[in-house]
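From first to last, the protein sequence lines are chains A, B, C and D. Residue numbering for the first sequence is 1 to 357, as defined by this note's numbering. Residue numbering for the second sequence is 1 to 357, as defined by this note's numbering. Residue numbering for the third sequence is 1 to 357, as defined by this note's numbering. Residue numbering for the fourth sequence is 1 to 357, as defined by this note's numbering.
Treat the hints loosely; a few may be bogus.
Because identical chains cannot be distinguished in the list, a pair is counted as satisfied if it fits within a single copy or across any two copies.
To be verified - As a list, the in silico DSS-like pairs of lysine-lysine whose alpha-carbon atoms are at most 30 angstroms apart:
hint	residue 1	residue 2
1	K276	K314
2	K110	K312
3	K110	K345
4	K93	K312
Hints were generated in silico from the structure; no laboratory data involved.
One letter stands for each residue in the lines below.
Protein chains: 4
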Amino acid sequence: MTAKQIRTVIIGASGYTGGDFMRLAVPHPQIELTGLVANTHAGKAVADVYPHLRMANLPDMVALEDINFDDCDAVICGLPHGTAQDIISTLPKHIKVIDMSADFRLRDTKTYEQWYGRAHDNANLYDEVSYGLSEHYRNEIKAARIIACPGCYPTAALLALLPLVKASVIATDNIILNAISGVSGAGRALKQNTLFCETSEGFSPYAIGSHRHTPEIEQELSRAADKSGSDTIGIGEIEVTFTPHLVPMSRGELITCYLTLKEGTSHDDARAAMQKACEGEPFVHLVPEGVTPGTQHVRGSNHCLIGMFKGKVKNQLIVVSTIDNLVKGSAGQAMQNFNITFGLKETTGLEQLPLFP
Amino acid sequence: MTAKQIRTVIIGASGYTGGDFMRLAVPHPQIELTGLVANTHAGKAVADVYPHLRMANLPDMVALEDINFDDCDAVICGLPHGTAQDIISTLPKHIKVIDMSADFRLRDTKTYEQWYGRAHDNANLYDEVSYGLSEHYRNEIKAARIIACPGCYPTAALLALLPLVKASVIATDNIILNAISGVSGAGRALKQNTLFCETSEGFSPYAIGSHRHTPEIEQELSRAADKSGSDTIGIGEIEVTFTPHLVPMSRGELITCYLTLKEGTSHDDARAAMQKACEGEPFVHLVPEGVTPGTQHVRGSNHCLIGMFKGKVKNQLIVVSTIDNLVKGSAGQAMQNFNITFGLKETTGLEQLPLFP
Amino acid sequence: MTAKQIRTVIIGASGYTGGDFMRLAVPHPQIELTGLVANTHAGKAVADVYPHLRMANLPDMVALEDINFDDCDAVICGLPHGTAQDIISTLPKHIKVIDMSADFRLRDTKTYEQWYGRAHDNANLYDEVSYGLSEHYRNEIKAARIIACPGCYPTAALLALLPLVKASVIATDNIILNAISGVSGAGRALKQNTLFCETSEGFSPYAIGSHRHTPEIEQELSRAADKSGSDTIGIGEIEVTFTPHLVPMSRGELITCYLTLKEGTSHDDARAAMQKACEGEPFVHLVPEGVTPGTQHVRGSNHCLIGMFKGKVKNQLIVVSTIDNLVKGSAGQAMQNFNITFGLKETTGLEQLPLFP
Amino acid sequence: MTAKQIRTVIIGASGYTGGDFMRLAVPHPQIELTGLVANTHAGKAVADVYPHLRMANLPDMVALEDINFDDCDAVICGLPHGTAQDIISTLPKHIKVIDMSADFRLRDTKTYEQWYGRAHDNANLYDEVSYGLSEHYRNEIKAARIIACPGCYPTAALLALLPLVKASVIATDNIILNAISGVSGAGRALKQNTLFCETSEGFSPYAIGSHRHTPEIEQELSRAADKSGSDTIGIGEIEVTFTPHLVPMSRGELITCYLTLKEGTSHDDARAAMQKACEGEPFVHLVPEGVTPGTQHVRGSNHCLIGMFKGKVKNQLIVVSTIDNLVKGSAGQAMQNFNITFGLKETTGLEQLPLFP
């Protein structure tokens with residue numbers, strides 16, 4: 001990289017993921033935030049939308065049509081699914097797109113239609129797309145123009161499960177993922193169930209058996225299991241039980257995975273596979289035996305902590321994985337992918353340690 | 001009952017469960033709190049230990065030796081296990097004992113020793129004991145002198161599972177219980193991990209594969225499954241996976257149960273069994289399909305809400321059960337058992353609706 | 001009272017104050033909730049709006065026009081100001097109205113217009129109105145048909161200040177009230193600043209110098225000071241500084257009052273005046289010297305705790321007053337007034353002790 | 001600075017302020033943490049004490065006697081008062097000391113003795129000391145060997161008040177400071193009142209009229225008012241009312257200052273004085289009129305936000321100041337002073353924007 005800055009536009013800057021990308025981007029030495037698109041807030045100062053960014057020297061928010069994309073090297077997309085692909089498909093081809101939406105995560109457009117309730121109109125772009133789980137798709141991310149950053153839950157789940165599936169140490173027919181998330185996962189839109197009074201002192205499951213991150217986890221596990229050999233494997237080969245719950249905290253995601261060791265495989269084998277996958281990874285860490293990971297220990301950072309435990313039942317393996325849903329689960333992984341895409345050191349702008357307490 | 005009050009002593013009045021029993025007992029029309037034992041606080045006014053009880057007209061806290069048990073009809077025991085049995089074994093036989101400790105829950109003393117790390121010195125008292133899950137042991141409770149109130153997690157778990165096991169609608173070889181609790185479950189003792197700053201914005205599992213409530217759940221499921229016919233069945237016949245997690249809230253407990261329908265059994269069968277078990281129960285409620293129970297909707301009350309859901313995986317049944325750990329999980333169920341024991345209306349003193357928000 | 005129930009309709013049942021009145025009313029031995037009006041939720045079951053009331057046997061929510069007010073003895077009004085007076089003015093005269101809105105609190109209609117931004121169209125009703133600060137207006141409440149329940153902040157402030165003003169122990173020209181409230185004070189309407197993620201880990205002032213509860217406090221202090229002798233004294237005689245802040249908790253209100261002792265008056269005089277005012281009061285309590293009241297010690301109850309402290313500065317008196325904003329600050333005081341109005345024991349239905357933790 | 005790292009030892013590394021200094025120091029380009037002293041944790045890995053620092057490459061904790069101070073350029077002291085001066089007085093004179101304790105804040109040793117309950121045994125060191133409020137003592141800090149970092153409350157208070165006192169726009173005889181802090185201000189020691197269950201849903205004042213930060217604020221205001229011309233002015237010239245409160249959140253501090261404009265001074269004058277003081281300051285910001293600062297908008301950062309408001313009462317000025325108590329109130333300001341001391345860019349290692357939500 002020359003000293004020349006990478007001119008970056010955030011589309012969907014007023015949501016929590018857009019806001020968190022701004023927080024990380026301001027001290028990033030190579031990113032110049034040249035445009036902040038937030039249609040409903042066009043014309044407002046950033047501080048009017050995000051008071052915690054008052055001290056950053058950022059341009060006002062604008063409408064999409066105010067951006068000249070000729071002067072832009074990269075787009076960070078923080079839009080809802082649907083809108084995301086509609087806009088991404090219109091961007092000039094010289095622009096690298098880091099998409100935090102769900103639009104290009106599912107490679108099978110029928111699955112997309114089934115779970116997201118609308119047709120996928122831009123299947124033709126898939127040749128330029130890489131799934132954006134940084135640790136497992138580095139080469140593909142480098143080669144792609146559009147990076148489909150994983151969902152927050154799939155990130156936490158796959159960082160824990162892929163090493164085990166790839167090493168063939170767990171059975172794939174009885175995977176139960178009990179997940180929890182802080183309230184920021186529901187976004188900044190006004191909903192009764194995310195009001196302070198409704199959430200505080202409250203814990204409840206939601207979307208039981210129907211959460212949209214399920215097929216994404218299944219797709220990636222199936223690809224890893226290499227059951228089909230096809231590049232566009234759909235869901236179905238591996239099916240998981242995935243139940244998310246809402247917790248009275250702002251940030252954090254934790255998945256408790258109930259797994260079964262494959263016949264002839266030991267806990268030590270599983271731990272060794274995970275340890276190997278974590279070697280050299282700057283952001284994924286296997287904690288020692290007996291240590292239980294907690295969301296408070298990754299808050300605000302791009303780190304993922306993974307713990308492995310023997311269950312009381314024979315051959316059971318319980319794996320716990322935790323991330324900050326807005327960072328490693330969204331804006332941080334987007335920046336990690338940005339760094340990979342532009343050939344920067346992968347940790348640039350992500351050196352912050354977790355904020356505790 | 002005549003108008004004569006029931007003279008009741010709380011031993012272990014300074015813990016959260018003792019405190020919550022006081023809160024419920026003051027407006028109870030038949031209970032006269034004649035003694036509040038808290039050795040380390042002997043001589044203090046209740047308001048110095050529990051400022052929220054300042055407005056109640058309660059006697060000062062005293063040491064155990066200050067109590068004349070001849071003038072006492074009932075003892076509520078809020079002591080830690082071990083100490084509880086040591087003291088209960090010395091009480092005069094005319095006293096009804098409602099024990100909130102773990103000491104008389106496990107009917108097999110070897111299991112007790114294995115999980116609680118000390119010998120059970122009072123197995124001879126078991127003839128006078130009933131397990132105190134009110135809804136499933138009413139007759140036994142009436143006949144007993146000592147009521148072993150269930151643990152908080154077993155209460156939430158068993159209210160959800162026993163109707164299904166008794167009706168033989170679920171498989172008993174793959175029961176996974178993912179549980180969470182508010183911080184009050186850890187008691188009022190000083191521990192670093194229950195400090196506000198350590199817990200806030202934090203979610204983490206603990207005691208994976210080793211929580212002491214596991215054998216209690218297994219014992220009761222095994223008895224319900226009637227696999228042995230023995231009155232002192234141990235653990236082992238039914239084994240469960242039980243993983244508790246700590247949530248940044250004070251009260252509330254919720255268990256997400258991952259179950260499998262028995263061959264030839266439908267979701268409707270399971271729902272019918274649960275519905276039947278809830279009929280006429282004042283405190284246990286099956287919520288309609290599509291409704292997800294949450295801890296904030298039972299807070300401060302003796303109620304239990306149960307939801308039943310189809311998983312995405314074939315034959316899977318997901319059951320969610322929630323209670324207030326200090327009320328139905330402890331002091332409230334103790335009062336419910338007190339009412340049963342003394343022939344009072346079971347809901348006396350427990351008419352409070354949940355406090356929301 | 002005969003055994004005959006008091007047929008009570010709640011108008012505005014879907015807000016937090018309406019919801020909390022329901023919680024308290026269900027176990028009240030004399031109240032029969034015969035109608036629950038919530039226009040935007042008409043036709044819904046209560047459990048669909050307030051899941052924590054699922055176990056109560058309540059009628060469905062209806063629209064205003066569905067109520068036959070001939071069959072109604074009392075109306076609890078939980079509407080926003082403006083709408084409240086529009087509807088109350090249409091109710092038949094045999095109905096006792098307990099109004100939790102701001103519409104009949106300010107006796108000077110010009111002040112009302114100035115602070116609430118609309119004309120007061122029902123000044124003619126003032127003959128039937130009593131201000132509803134129970135402890136200080138018992139006779140007036142008994143004689144009135146419409147009870148204007150105080151705002152939550154004025155309740156906490158006036159219970160602390162009125163005894164001191166009436167006893168002429170404090171200067172009235174430099175009263176500074178630093179107030180805080182839990183988030184439920186902002187109601188259940190959808191606003192960005194009451195989302196969990198916006199409020200959690202956040203503390204900030206709002207409405208500095210402009211909060212609508214200011215003239216209400218000033219009116220009552222002025223009346224107590226008896227500076228005018230007029231029954232319709234406006235604001236102006238006594239002016240206060242009132243600054244509210246939002247705290248990341250659901251319930252609770254606390255006011256730190258910075259006062260100056262009048263020349264020739266001692267701290268003991270002030271404490272004696274307060275002690276006298278609290279004598280015999282079931283819900284207002286002066287805590288001993290050295291004890292600091294906290295919101296967590298009144299939560300869910302109708303109690304008010306008051307603490308008195310010497311400041312470091314000469315002649316300074318710091319008084320701290322705390323209530324649950326939804327109970328003593330709204331629904332509980334409404335019930336207390338209901339009891340006064342109908343000649344019931346004042347504590348009926350309000351016997352619950354605070355919920356801690 | 002050459003590329004040579006500054007070898008830095010933290011004494012008192014296991015407290016929250018020590019922990020937060022580590023969090024900030026790891027990415028700091030000039031700091032090499034060569035020793036972490038925590039006597040009660042000597043021998044432990046940092047991750048065993050602070051799991052959120054697991055991913056940092058830090059040395060194990062050691063006892064004080066294990067440190068060779070010859071190889072050390074700087075000491076960060078995170079000890080309690082008393083112990084701090086005992087140890088600082090033994091350090092070799094080539095070491096720069098950034099002291100986060102209270103031991104060298106009060107220049108009058110009698111005042112120290114009066115408020116801290118022990119003699120000040122190291123008054124001789126005061127020649128080498130500068131008070132460490134970075135924005136107001138830059139030259140003194142550069143010249144000193146020991147930097148007495150201000151208390152968290154004094155930092156928030158003085159950043160708001162000093163510009164007004166220096167510009168002579170406010171009266172100094174009636175300053176009321178209503179302060180709040182998150183729970184981390186109480187430290188990591190085990191105390192009942194900082195348990196999650198005791199603090200959650202709770203707000204209460206503490207140390208009314210007797211908080212140790214009071215004389216520190218008074219000293220600095222008095223020096224600014226230049227009433228004595230003496231370098232060792234004590235308290236007394238300016239007296240303030242200071243009342244802290246505890247809020248259920250981990251981080252954050254906010255002070256609502258009730259002030260009176262001096263005769264002949266306007267709100268515009270006051271705002272101009274503050275604006276001028278903030279000019280060029282990287283961390284102190286006056287927010288626009290109408291904007292209310294909140295703790296959630298500075299969390300995790302070294303920034304201070306100040307808002308100025310007209311009260312309803314004539315000539316009243318209400319100033320609101322907010323910081324993160326562990327950062328600008330402690331570890332962050334320590335690092336800012338470290339940078340000043342060693343001639344580094346003042347913002348080095350402090351570029352992180354606030355973490356919101």
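Results for each hint:
When the C-alpha separation of K276 and K314 is checked against a cutoff of 30 angstroms, the pair qualifies only within one copy, where the shortest distance is 24 angstroms, while the shortest distance between copies is 34 angstroms. Taking the closest pair of Cα atoms, K110 and K312 come within 30 angstroms of each other only across two copies (18 angstroms); inside a single copy the shortest separation is 40 angstroms, beyond that limit. In this assembly of identical chains, the alpha carbons of K110 and K345 never lie at most 30 angstroms apart, being 37 angstroms within a copy and 56 angstroms across copies at closest. Neither within a single protomer nor between protomers do K93 and K312 lie at most 30 angstroms apart by alpha-carbon distance, with minima of 54 angstroms and 40 angstroms respectively.
Checked against the numbered hints above, the structure breaks hints 3, 4 and satisfies the rest.
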